[in-house]
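Asker: In the order they appear, the protein sequences are chains A and B.
Here the first sequence is numbered in UniProt numbering, starting from 1 and rising by one per residue.
Here the second sequence is numbered in UniProt numbering, starting from 1 and rising by one per residue.
One should not assume that every hint holds.
The list cannot tell twin chains apart, which means a pair is met if one copy fits it or any two copies do.
[Claimed, not checked] Using 20 Å as the maximum straight-line C-alpha spacing, the simulated EDC-like pairs for lysine to aspartate or glutamate come out as follows:
#, residue 1, residue 2
1, Lys19, Glu105
2, Lys327, Asp430
3, Lys327, Glu317
4, Lys462, Asp144
5, Lys327, Asp94
Simulated from the structure, these hints should not be mistaken for laboratory data.
Number of protein chains: 2
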Amino acid sequence: MSLHTALSAVDTGLDASLKRLFDLLRIPSISTQAAHAPDCRAAANWLVDTLHDMGFTASTRETPGHPMVVAHAKGPHGSPHVLFYGHYDVQPVDPLTLWHSAPFEPVLVDGPTGEKEITARGAADDKGQVMTFIEACRALKQADGTLPLSVTLLIEGEEESGGINLLPFLEANTEELKADVALICDTGMLGRGLPAITTMLRGMVGEEVIITAANRDLHSGMYGNAARNPIQVLCDIVADLRDGATGRVTLPGFYDGVPDIDPQTRALWGKIGPSDAQSLGPVGLSLAAGEQGYTALEQTWCRPSCEINGISGGYEENGFKTVLPAKAMAKVSFRLVGTQDPEAIRAAFRAHVQARLPADCTADFVAHGGSRASLVPTTMPFLPPALKALEAEWQQPAAVIGCGGSIPVVTEIQQALGMDSLLIGFGLDDDRVHSPNEKYDLSCFHKGTRSWVRVLYALAGKNPD
Amino acid sequence: MSLHTALSAVDTGLDASLKRLFDLLRIPSISTQAAHAPDCRAAANWLVDTLHDMGFTASTRETPGHPMVVAHAKGPHGSPHVLFYGHYDVQPVDPLTLWHSAPFEPVLVDGPTGEKEITARGAADDKGQVMTFIEACRALKQADGTLPLSVTLLIEGEEESGGINLLPFLEANTEELKADVALICDTGMLGRGLPAITTMLRGMVGEEVIITAANRDLHSGMYGNAARNPIQVLCDIVADLRDGATGRVTLPGFYDGVPDIDPQTRALWGKIGPSDAQSLGPVGLSLAAGEQGYTALEQTWCRPSCEINGISGGYEENGFKTVLPAKAMAKVSFRLVGTQDPEAIRAAFRAHVQARLPADCTADFVAHGGSRASLVPTTMPFLPPALKALEAEWQQPAAVIGCGGSIPVVTEIQQALGMDSLLIGFGLDDDRVHSPNEKYDLSCFHKGTRSWVRVLYALAGKNPD
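For reference, chain A alone in the conformation it holds in the complex (with noise of 0.2 Å):
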């Protein structure tokens, strides 16, 4: 075989590989709410069916929340083995009335930038991401009748709600799992056409707080002004947790373990990096918000952040209501670098609001998660030969780059399997990940496709014939 016809394979295959991601995008997986989990587990026998008829031996593997998919192919004796990893929930996709078409009804459309795009709710964030490495898989065995390396995935189903129930899975099943190097394709390029393998990402701690005053809403004539306001205090808090001039988090040991970008990285990324107008323009913005003294690419790529994802109390549909509530709620995320330590964060966010807590009030607390930052060696061996790889398909050199999203995989994976991760994705900023119009660009989906047969074929050691 060659590398070429694997390739070809891609190339003519693009329209039934599309119509398998269409199949796949159609189920709508939104593991954070239960109503779904019906959805969930048909996601996860949609891709044990599709690998199994690929030559794989899949299964769904019951956890105690989302089923896992397993899946193996060998490859020729002495070949490396690669454990990828992807995941196929979704987020909930409100407000559903700022999409222009049905998030689960995916569709095929001609963007604002020129490129077709695939808009569907998990279009990038993961489906289409996972199928480029199915579909790359798939593309190599029909080229040779085999792939050029042993080959095991991993597709979770709890990567959008907190995922705890991964790190005892890849606990309980090390010898199954164990491989040569981790892949994961949930991360972004550096831009559109310029290929990248992300080495450092942020971690993230999660906290829902609930402020109780009064034991029932009342009337903000009667009680206004002698009754304690949860949202009002809710605020107090919120606003206390940044400071406003510097834009850093003002809980205490919050910075610690967080270090020093090293001089040479931030100029490098101050070369081929997006001006500040350049990330944040597409979105309507223009300055960089966070931490002052970093760029927009430093604040979100190697800088701890805390951020309200979400905040709720009183009267929120039209018109007006002159109630005062009982509660109020925010939810409240943090992302970490370096070494920070989640549940010391966790720990450091619940004592801020006790403090703040005025006479009258109780403060309860839910916990949505919590992980360190990731960091890749940059040593690792296979790091070269990816790299050699995405800039053949892509004609442009691959960059190392940060990422501001959280994958705690690739710390679970280190710490159970004891297995550094090669994080290699097609992303683009403008994907809408999380948001309404999700899309994945089709060049993305074929070009990524064809990268991964060409990382495959490197990491096997093949020269490119």
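Dock chain B against the given chain A, drawing on the hints supplied.
Answerer: Below, chain B without anything else, positioned relative to chain A:
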């Protein structure tokens, strides 16, 4: 006729009165929700039919919003003429899950105080109170074939939703609506069994502010830190509205026109009024949370305040979503006293927001009504006989008190018709007005009806026997 014949008619007719009240309570006349516009009209029609059957000339009158109900019945030649004002519209019912029975299926239940309670949205505010007056008129007519004085009723349908159509209606119908005194039944008693006439009412300014940052929802991993978070901006703005230490509103000029409480009134309220623990204990609170240096009663009766009545942004459902929303919204109200100017305070609030708005953000505002505080002169000649009539019914001295709520009609009647109002109501602090499980004590309905019989008789200049 004698007063006692009419009072007996109230007693023997109580079951029938209650049945009529329940009929009115079954109509879900929520004025702030457009879907309930037909129900508002149905409530107006029900009142017209009921008053017509009692011998009033009664009709609905169109406005740009919900219709007004106007009815007239003549008393003896030379008798005084009163204008009764009430409202048939009610507040929204959310959160519905907290109701023990359906809000528009009124029931009579044994309350925790040992009193029988009429439970339904509008039971106290204001359908139950309106019906005390109507049923008093019925008993007086039944006892003597006619009323002891001339009565005009004006019952509106937009009190709970800004009420912008009332003043133009008053101004357009001054000849028809002009009387010697206005009677308003939309306030409370000093406590269970303690009758009162309210002479101070706070005004109100309602504002909604929407902060917009990015042009779409963003992934908080990809953009968190760099992209401006409108929830954070909103919380900073809200936190700055009040001084945490003094509880005072920080808007420049906010306290212009706020009178000091006179020491005599203060001493009287300190003697007859409830303590902070008594006022706030029933709702699960113990400390007056507002402007320091004032009791809970003073904070609500004669000090201005700022309350957040609703807040919303990002992901508010169960679970967690790492979204950085494009928008966040708050509904804010200010309660006004003395001569505070609603429009000056609205402008100061908007300036407060604009001054704190970071680059890349915009603020949009929606005005939700504005009215000055109302003061009834304690020198008006109708006040002493009304106080005496109440004392006769309740066998307790009737007090002159303040009220934290806003009843803009008092000022509007002064302005358009040049008349003062007697605010006589039978609500209690534990009526859960604007909250789930709103109720009106059966004894308040019954003795309230009897009270109006006595008050109308007294205002007609007749001796109670």
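Asker: Decide, hint by hint, whether the structure agrees.
Answerer: Here is what the structure says about each hint:
Only within a single protomer do Lys19 and Glu105 lie at most 20 Å apart by alpha-carbon distance; the minimum there is 12 Å, versus 53 Å between protomers. In this assembly of identical chains, the alpha carbons of Lys327 and Asp430 lie at most 20 Å apart only when taken from different copies (19 Å versus 36 Å within one copy). In the homo-oligomer, the alpha carbons of Lys327 and Glu317 lie at most 20 Å apart both inside one protomer (16 Å) and across protomers (15 Å), since each shortest distance falls under that limit. In the homo-oligomer, the alpha carbons of Lys462 and Asp144 lie at most 20 Å apart inside one protomer (14 Å), although the nearest pairing across protomers, at 110 Å, exceeds that limit.
For the identical chains of this complex, Lys327 and Asp94 are inter-copy neighbours only, at 14 Å across copies versus 23 Å inside a copy, given an alpha-carbon limit of 20 Å.
In summary, this structure violates none of the numbered hints.
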